[in-house]
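Just so you know, the sequences run in chain order A and B. Counting in my numbering, the first sequence runs from 1 upward without gaps. Counting in my numbering, the second sequence runs from 1 upward without gaps.
The reader is advised that the hints may include incorrect statements.
Computed cross-link-like contacts, DSS-like style, restricted to lysine-lysine with a CA-CA straight-line distance of at most 30 Å [unchecked claim]:
1. B:156 - A:345
2. B:293 - A:182
3. B:38 - A:28
4. A:213 - B:280
5. B:46 - B:115
6. B:280 - B:28
7. A:182 - A:305
8. A:177 - A:109
9. A:109 - A:218
10. B:9 - B:46
11. B:293 - A:176
12. A:177 - A:228
13. A:176 - A:146
14. B:293 - A:228
15. A:109 - A:146
16. B:156 - B:116
17. B:16 - B:46
18. A:345 - B:280
19. A:192 - A:176
20. B:38 - A:345
21. A:146 - A:213
22. A:228 - A:213
23. B:53 - A:177
24. B:38 - A:213
25. A:213 - B:293
26. A:305 - A:109
27. A:176 - A:213
Quick caveat, the hints were computed from the structure, so don't treat them as lab data.
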Amino acid sequence: MSLDLQLTESEEMLRKTALDFIQRDAPKEVIQALQETDTGCSEELWRKATDIGWLGVIIPEMYGGTENPLTTAGVLFETLGLGPLPGPFFSSGILGSLIVLEAGTEEQKQRILPAVAAGEQILTLALTEPEYSWEPGAVQTTAESKNGDFVLNGVKLFTIDAQAATHFIVVARTGKKTVPGKGLSLFLVDSKSDGVSVRRMPGFFAGRNCEVKLDSVKVARSAMLGNKGEGWPALRQAINKSIPVLCAYKVGGCQAVLEMALEYSRIRVQFGQPVGRFQRVQDMIIEMFNHLEAARWTTYESLWKLDTQRPATESVHLAKVVSSEAYWQVCTLAHREFSGVGYAKDHPLSFHTRASRYLYNYLGDPSYHRQQIARLLTGC
Amino acid sequence: MDFSLEYTKEQAEFAKEVRRWLDENAPKDLVSPWDIRKTSPQEWQKRREFARKLGEKGWLYPRFPRQYGGGGLDVAHTFVVNEEIANRNLGPPPHYDSGGLAAPAILNCATEEQKKRFLPSMLKGEATTWQLFTEPDAGTDEANQQTSALRHVREKDHFVINGGKIFVGSIYGPPTQFLLLTKSDFEAPRHGNLAMFLAPANLPGITIQPLDLFPSGIFAQVGSGPGRKNSVFFDDVKIHESYLIGGDHDGWKVADATLTVEHGGGERVPRIPRNPVVEKFFAQCQNNPNVIKRLQENPELLHSVVDVYIGAQIERLWTLRNSGQPIRGGGPQLSMYGKMYGARLATVMASVLGPYAFADDEWALDDGIFETGERNAVCFAPGGTPEALKIVISRGLGIGR
Ligand SMILES: Cc1cc2nc3c(=O)[nH]c(=O)nc-3n(C[C@H](O)[C@H](O)[C@H](O)COP(=O)(O)OP(=O)(O)OC[C@H]3O[C@@H](n4cnc5c(N)ncnc54)[C@H](O)[C@@H]3O)c2cc1C
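Based on the provided sequences and hints, a complete structural model is requested.
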């Protein structure tokens with residue numbers, strides 16, 4: 001047995017760098033300003049993050065990245081989650097990159113990934129549609145082949161970070177819908193193409209969700225990632241590997257909110273004593289602490305399983321259930337503790353509440369992942 | 001026992017009369033965004049006009065004595081009036097707090113002369129009143145008032161008020177007046193050092209500053225909060241003692257008279273509880289093909305919908321219970337249940353509706369009611385936090401302080 005639940009030295013270093021970055025470059029005022037932007041990011045922040053190498057954190061060295069294990073990416077995203085720093089870091093640097101790695105041809109990897117690592121291309125997955133689902137059966141966007149190229153038509157809804165992306169990875173139907181998961185292909189679509197329109201969806205909790213309309217968008221055959229009709233299994237793989245990194249971001253969010261709540265329980269005085277002295281407030285904080293620790297360890301175990309090529313599917317679903325619910329509940333509990341002051345739009349807690357909501361369904365909500373666990377556990 | 005809320009023959013006749021009156025007098029072209037904050041000033045005014053008409057008729061506050069401008073109706077007829085108004089999605093009218101929270105305090109604690117002076121305009125919907133209790137350092141600990149009301153040094157029949165309130169009021173201020181809790185004595189013991197005023201809002205030295213909070217209120221939802229909150233500052237505001245309600249050391253007692261109502265006690269008129277968020281949610285579960293498909297595919301979601309249904313039934317029955325014989329702790333129990341139920345509902349809506357629960361554009365379901373509902377679901381504070389309500393419940397059960 002070689003049980004060791006500490007961060008490695010290099011992970012510890014990365015964490016420190018990221019923490020410095022958050023404290024110096026993305027303090028409360030910056031995060032607040034970013035909430036209202038369509039992209040969730042500024043050019044300056046993006047450049048700095050790219051210079052440190054964060055966009056290529058898991059991209060293999062041969063494609064211009066730093067080829068770190070997913071656990072390392074988890075450590076980075078946990079730290080970004082403290083902000084919570086918005087922006088397409090996860091969409092492009094993790095999920096987008098993994099889709100290209102899983103689905104792309106060698107030529108495509110060489111062409112796309114260095115640009116992603118350099119922050120020049122920004123990817124985001126455009127999968128979900130008006131019939132909201134993370135299963136292949138709901139995809140209705142079509143890609144018709146015309147003179148060797150393709151024409152895309154459809155609406156992609158609740159597409160995260162679409163305003164920030166230079167390219168969408170569009171999931172479209174290229175074949176009949178007889179078998180779920182068959183007949184779907186992935187296309188790398190330039191967001192500036194004719195026929196593409198993007199709009200951020202309003203709503204305080206809608207966060208970074210966007211609507212992407214594809215109206216007879218022409219794409220070249222070379223924009224199809226991998227083989228025709230075989231997009232889904234690769235996409236599924238990429239999503240599964242990405243999920244724990246997203247979970248780590250939520251762990252960071254839980255951590256930040258717990259710290260805020262602890263701090264507030266010490267300084268907020270009612271009835272002549274800090275409210276943290278009241279057992280009812282302690283109960284809420286302990287519940288938050290439980291959520292955080294449940295999210296943390298399910299997340300890191302699933303990252304470890306993925307990094308060590310162990311069977312990880314069940315563990316990934318577990319992490320997503322636990323961390324999504326944790327982040328949601330931790331924020332709700334914190335609102336109960338902060339009471340009046342926490343409802344201000346510019347209170348840091350409200351940034352987390354927004355993130356906990358708009359990321360709740362992203363890559364599958366808890367009930368979806370619970371159902372996957374049920375299937376794995378019982379075959380039902 | 002009889003759980004029936006069906007009208008008797010006589011009540012049905014009365015209901016007809018109410019409907020006829022509403023046909024003639026209720027505004028027909030009201031646009032009601034779910035989020036109260038999206039109401040335009042014109043829409044607001046239309047609602048105010050309707051409230052005045054109702055008040056003129058005595059139906060704005062049907063239970064209150066006629067002599068002070070109320071309707072003088074009994075419980076059953078009040079029920080009929082409230083139902084018929086609610087059936088048209090017209091309640092609660094924007095007369096914020098006047099009759100609901102402030103009038104009981106006036107009725108219980110003011111002098112006869114004050115009742116005659118203040119109540120008619122409130123009960124007839126002419127005056128609006130904001131409840132000004134909370135301060136930055138007096139939240140749950142409401143007795144810890146720092147806003148001072150001290151006798152004017154020379155003009156002994158006047159007080160001078162200094163301080164600030166937070167999380168109070170509504171949109172489209174200023175109102176006519178404030179029900180204002182202050183500290184009148186810096187020597188006297190806690191609770192015995194407070195004074196309550198019904199203060200005109202236009203006195204010199206008063207500033208209102210709107211706050212930008214993300215929760216709002218939902219029209220037609222009882223107890224939904226009024227939508228926008230403000231800070232109100234008092235800077236050497238001079239006020240005549242005739243605005244003092246009760247003695248200048250009786251503030252706590254007066255506050256208690258309104259808080260009993262706010263915590264779910266007070267006037268006991270049965271009502272069919274309406275929670276439009278829940279109603280619309282069930283309609284989605286029944287009619288929206290995408291939602292139905294999700295429910296069919298996932299038993300957990302289906303069960304969570306049943307839980308929401310069960311919660312709604314408990315809330316409904318406790319509402320009816322509270323309108324019968326009062327039970328100790330029953331008011332705050334219902335109030336707390338509503339808050340916790342709302343939080344649970346929010347997670348179920350997000351799971352069942354997906355991110356549509358947060359959509360506030362043409363993709364929004366039911367004109368965005370779920371988006372507004374999601375924001376409000378984290379808002380535990382109005383009328384006391386769940387923890388504060390637990391204190392009140394425990395007291396009711398004889399185990400608290
Ligand atoms: C939308 C909205 C509308 C409002 N409307 C009005 C209004 O119209 N008029 C008005 O006067 N006020 C209003 N308020 C204020 C509201 O009444 C207060 O926010 C509430 O009483 C809580 O006070 P606080 O926010 O200062 O929280 P605090 O009292 O500071 O509470 C902080 C935390 O400590 C807990 N706590 C405090 N004391 C105890 C205790 N003894 N035991 C256990 N736990 C405790 C609380 O439950 C909470 O979790 C409104 C607030 C909001 C958000």
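Each hint tested on the structure:
no.: 1; hint: B:156 - A:345; result: violated, 44 Å
no.: 2; hint: B:293 - A:182; result: holds, 21 Å
no.: 3; hint: B:38 - A:28; result: holds, 28 Å
no.: 4; hint: A:213 - B:280; result: holds, 28 Å
no.: 5; hint: B:46 - B:115; result: holds, 28 Å
no.: 6; hint: B:280 - B:28; result: holds, 22 Å
no.: 7; hint: A:182 - A:305; result: holds, 28 Å
no.: 8; hint: A:177 - A:109; result: holds, 28 Å
no.: 9; hint: A:109 - A:218; result: holds, 22 Å
no.: 10; hint: B:9 - B:46; result: violated, 33 Å
no.: 11; hint: B:293 - A:176; result: holds, 21 Å
no.: 12; hint: A:177 - A:228; result: holds, 14 Å
no.: 13; hint: A:176 - A:146; result: holds, 17 Å
no.: 14; hint: B:293 - A:228; result: holds, 29 Å
no.: 15; hint: A:109 - A:146; result: holds, 25 Å
no.: 16; hint: B:156 - B:116; result: holds, 24 Å
no.: 17; hint: B:16 - B:46; result: holds, 24 Å
no.: 18; hint: A:345 - B:280; result: holds, 27 Å
no.: 19; hint: A:192 - A:176; result: holds, 29 Å
no.: 20; hint: B:38 - A:345; result: holds, 17 Å
no.: 21; hint: A:146 - A:213; result: holds, 20 Å
no.: 22; hint: A:228 - A:213; result: holds, 22 Å
no.: 23; hint: B:53 - A:177; result: violated, 61 Å
no.: 24; hint: B:38 - A:213; result: holds, 28 Å
no.: 25; hint: A:213 - B:293; result: holds, 24 Å
no.: 26; hint: A:305 - A:109; result: holds, 25 Å
no.: 27; hint: A:176 - A:213; result: holds, 22 Å
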